[in-house]
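Peer 1: If you read the protein sequences in the order shown, they are chains A and B. Just remember that this note's numbering sits 14 ahead of the position in the first sequence, which is counted from 1. Just remember that this note's numbering sits 14 ahead of the position in the second sequence, which is counted from 1.
Note that these hints are calculated values from the structure, not bench results. Remember, it's a predicted structure, so these values are computed and weren't measured experimentally. Some hints could be false.
Identical copies look the same in the list; a pair holds intra-copy or inter-copy alike.
What the hints assert, rightly or not - Once the Cα atoms are required to be at most 30 Å apart in a straight line, the calculated DSS-like pairs of lysine-lysine come out as:
hint, residue 1, residue 2
1, Lys263, Lys326
2, Lys170, Lys432
3, Lys170, Lys412
4, Lys427, Lys257
5, Lys326, Lys412
6, Lys326, Lys170
7, Lys412, Lys427
8, Lys412, Lys257
9, Lys257, Lys326
10, Lys326, Lys427
There are 2 protein chains.
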Amino acid sequence: MPEFFNVLPPDEARTLLFQHLTAVLPAETIATQAALGRVTAVPLAAPHPLPQFQRSTMDGYAVRASDTHGATESLPAFLQVIAEVPMGQAANLSLQPGQAAIVHTGGMIPDTADAVVPVEHTQVMGEQFSVNGKQYAAIDGQPPIAAFPFEIEIFKAVAAGQHVLQIGEDVAQNAEVLPAGHILKPQDLGGLLALGIWQLLVARQPQVGILATGDEVIPPEQTAGPGQIRDINSYTIAGMVQKAGGIPKLGGIIPDRLAALQTAAAHMLSACDMLVLSAGSSVSLRDMTVQVIDSLGSPGVLLHGVATRPGKPTIVGAVNGKPVLGLPGNPVSAMVQFDMFGVPAIYRLQGVQTMPRQGVVWARLSQNIASESGREDYVPARLEDGPDGLVATPVFGKSNLIYTLVHADGLIKVPLNKGGVMAGAWVEVRFF
Amino acid sequence: MPEFFNVLPPDEARTLLFQHLTAVLPAETIATQAALGRVTAVPLAAPHPLPQFQRSTMDGYAVRASDTHGATESLPAFLQVIAEVPMGQAANLSLQPGQAAIVHTGGMIPDTADAVVPVEHTQVMGEQFSVNGKQYAAIDGQPPIAAFPFEIEIFKAVAAGQHVLQIGEDVAQNAEVLPAGHILKPQDLGGLLALGIWQLLVARQPQVGILATGDEVIPPEQTAGPGQIRDINSYTIAGMVQKAGGIPKLGGIIPDRLAALQTAAAHMLSACDMLVLSAGSSVSLRDMTVQVIDSLGSPGVLLHGVATRPGKPTIVGAVNGKPVLGLPGNPVSAMVQFDMFGVPAIYRLQGVQTMPRQGVVWARLSQNIASESGREDYVPARLEDGPDGLVATPVFGKSNLIYTLVHADGLIKVPLNKGGVMAGAWVEVRFF
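Work out the full structure: start from the sequences and follow the hints.
Peer 2: The structure is reproduced here in structure tokens:
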């Protein structure tokens, strides 16, 4: 225990924890389409530009823009349509001045064209068929057969580049498309696959060992006798681990004896990347948790207490680069504290530097909240729509009551150096 | 096609779709600890109160509060400690006036006690040991053995009920703890397990069939020739399906021929609870998608076009109670439209009535956005912290560019009847 601070503010406590962690877990190669929620292990660059060819953004005619200059409803331009560029094929044709080619949305534009005239600004001269949105000139009243060349009128001029996606307009070749440490969203998978990056290096998912203690704690499937309660924390923490991209490993309920807890903790820590002890809530069990964490290796306990409510008696430690947390026994404190240290640690072990923003919103407070300066308070709250944004209404309840959190949408953060927050103020709410 | 509206606003379009859906998929029983993100199929009630016994919230002494009245530092009350209530056991003892019992945080309080005096407000009379936070009277200087009775001084009075959780304070017996249609969060699992509800009925996860079309579209692992692009939409949509609690079933890329698409769509629809056609983006393919959806069964296409940008040419349909969507080919439109219809439909098929709030925040707009009245616009944006909340900065980009979304944190919603939004206004942003 090289550094011992009785109570630290949460930001400093987290920084202290992060200093003692292994930088990032080893990477593994997986299929991009299976990588939702995983974290990139290396920066990724575009092997080729996107798009790789000039693409039309409309159904219509590829043209030389200069051929359409001055065209209006009353004074249309006339062009000869010489061919159609089929979808998925190269536009191997050369447009001479006065010529055009049928193109479809997403189709390739000939090199010699520089713009697309949408079909709704054109009219085929003479008899015509329109089949499945393609226009054809009529030949002897027979079923539609493309008859090139045919003539069209153009009622609206286009500028060079209009209705055309340029090569590399989405991504330039060799551009970095994603940094390392990025949590992959659905669009990221699409962006990578568009570039042919169908497998990639991601950080291994952290395995998080969870041990419950407390002579009063029994498994949820058992009937509770007088003085007994069912294990809650193993399962709430496991759910939070899953949501953060980790893999929970439940080690069950360990008797309140130092040797038993030491053995179970040492075994779990060697098998996992992180260890969580959901301690019983009595002083004696907190002391035992400190002893156990210190016995596991170096540096052991980093701090014993965080300046927050709920959750002050949280034990934050690290052993051989792995985070080890001793959470308070009561379920609200345990979840709030795991959100504060465990969830960021899971992301950090995967190389995430900036914690995901998704979980945090701002809302107007509907009633005053008292707090003590020098302590960060987290107050469960419901969220509702208001006239100028979200409104947060505190759900007051003791931190022993799990249903306080069941009935809340999130936690209001009352900053460290505020002696409370007044109704009407904007507050940060973390979805929970 | 009993109802045909050319273009509907999104809310009306969604309502129309929901009217044609099967109410809720059949339920299945699963283990509560495996139910994260699943949706309750029936309301759940508490089989017993929580807590089931009076619990101490502190380490200290269970007392009759009246015995402590008037106690101060200078004029302490004196009580006889007659026993300890061990953790996890019944408090089978009767306190007479003037008596107290050692209790630990979370331990049971004797029926005859009505409050707990925290240990820090007490002092054991005479010599004492303190071991693992428990206080003992000394007996002949021997190792600590609990020696009852012993006497304590109490320096602070407690009121009846102080530091005690009452029976049913968290949840009363028979109270509804969760309604049907509730998406299960980590704390919900904990709350259910605390009540011994270790398995429960949840809606089956919707299977969502996804078919891509377009002669220009190739699988992501292939090299794209001139005019070809890799499939993006199958994978972005699959990721969104997963995030909403559905199971994506990828059917690959179907040739642009009516018969082939009809066969593949009919097969996929019969095997799944929902069907998504990621159409090619040309007019002819949109028309083909309409034909295919109408051929699948009744009612078929409900509407062909939604008053939004991006994504107007979206086809919304239903067949035999199953949603069938024809998405625009370009990737940004496809994702925005799937978020608008597909994601709510996945929740709805599981019985969710109120869509999850988690994804929506309010932010101040950093620059003007133009829009057309009568259309709902969704503008990709980055989010950053500002002085009074989040600041949204639009990422302008054509809806064909997937990296517009890769670089965005969410989508700004420009309401239907606004002709744009001015910088400084509060806007709704949907995380994406």
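Peer 1: With reference to the structure, classify each hint as holding or not holding.
Peer 2: Hint-by-hint comparison with the structure:
1. For the homomeric pair Lys263 and Lys326, the shortest alpha-carbon distance inside one copy (25 Å) is at most 30 Å, but the shortest distance between copies (47 Å) is not.
2. Taking identical chains as interchangeable, the C-alpha atoms of Lys170 and Lys432 lie at most 30 Å apart only when they sit on different chains, with a minimum of 29 Å there against 63 Å within one chain.
3. For the identical chains of this complex, Lys170 and Lys412 are inter-copy neighbours only, at 21 Å across copies versus 70 Å inside a copy, given an alpha-carbon limit of 30 Å.
4. Taking identical chains as interchangeable, the C-alpha atoms of Lys427 and Lys257 lie at most 30 Å apart whether they share a chain (21 Å) or sit on different chains (27 Å).
5. Taking the closest pair of Cα atoms, Lys326 and Lys412 come within 30 Å of each other only inside a single copy of the chain (14 Å); across copies the shortest separation is 50 Å, beyond that limit.
6. Taking the shortest Cα distances, Lys326 and Lys170 sit within 30 Å of each other only across copies (23 Å), while inside one copy they are farther apart (70 Å).
7. In the homo-oligomer, the alpha carbons of Lys412 and Lys427 lie at most 30 Å apart inside one protomer (17 Å), although the nearest pairing across protomers, at 38 Å, exceeds that limit.
8. Taking the shortest Cα distances, Lys412 and Lys257 sit within 30 Å of each other inside one copy (25 Å), while across copies they are farther apart (33 Å).
9. For a Cα distance limit of 30 Å, the shortest separation of Lys257 from Lys326 inside one copy, 24 Å, qualifies, whereas the shortest one across copies, 34 Å, does not.
10. Taking CA atoms no more than 30 Å apart as the test, Lys326 paired with Lys427 passes inside one copy only; the shortest distance there is 15 Å, against 40 Å between copies.
The structure shown violates none of the earlier numbered hints.
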